[in-house]
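2 protein chains.
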Amino acid sequence: MSKLTTEVKNVISRQGVFPIATASRDGVPNVVPMTFVKVYDDENLLVVDNFMHKTKQNIESNPYMSICVWDQENKLSYQIKGKVTIHDLGPVFDQARVWVKEKMPALQPKSAVLLKVTNIYVCQPGESLGQEL
Amino acid sequence: MSKLTTEVKNVISRQGVFPIATASRDGVPNVVPMTFVKVYDDENLLVVDNFMHKTKQNIESNPYMSICVWDQENKLSYQIKGKVTIHDLGPVFDQARVWVKEKMPALQPKSAVLLKVTNIYVCQPGESLGQEL
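Residue numbers (full-length UniProt numbering), protein chains in the order written: chain R, 1 to 133; chain D, 1 to 133.
Next up, chain R with everything else stripped away, as it sits in the complex:
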């Protein structure tokens, strides 16, 4: 388990497009850009499934997800890894739905994906590169 620090949360809050990486069970990676990603609480990220295709197929059989974020101005970058649960109804999905409808009413969220963070790694070049937070 790894907590999302204030510094990591700040980078996430400033990121516009998030690369969402998953893999098939036999190890073929998939990475697609998504915008509806935010901090859910200190240990979880919320990723909304508006248009997921291969990502959904992957996490249905292999629940690992990795996301990277970066702030070039402040030279900060992190990789956030964890395992996901998929919510098609209930409070997590409700929160996702409200968020999407506020921002882009025409979208129809299909599910909410909660990423329970297990590891956060420093990605910016320098002495801390590759270290776990």
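Just so you know, not all the hints are guaranteed correct.
[To be verified] Quick partial rundown of chain D residues pointing at chain R, CB under 10 Å, derived from the structure:
no. : residue
1   : 17
2   : 25
3   : 31
4   : 33
5   : 50
6   : 68
7   : 70
8   : 77
9   : 107
Since the hints were made in silico from the structure, they are not lab data.
Glycine included, each C-beta is placed from N, C-alpha and C at the ideal position.
We have chain R; now place chain D onto it with these hints.
Okay, now just chain D, sitting in the frame of chain R:
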């Protein structure tokens, strides 16, 4: 095999930071931001290993790589998938080294990774989402 079209090349050439996704053999995805990524020819991308850690470990045992690119202004986004070969010497490494030394002389490239493109998918929302080029 899939060729890099002019439109895909244009999006690549305008991208500053590239999310590079790999996976362990048992399917744990890894995605990190890299800047030294460019078109090598119509069928290959060049990714320079300046600071690779987990990415290198992954591709040494599981040669699949996926990269996503996007151009928000023109609403274009692609995922580029393929298999890599690692070059520690020879013409591919020489080209990578010259490129890095021109741009950032202080860096010491460790190897060059050539991504042979097998599939390109449309990632921007719309009718073509998920379709292969």
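Exercise. Which hints, by number, does the structure contradict?
Worked result: As far as the earlier hints go, not one is violated by this structure.
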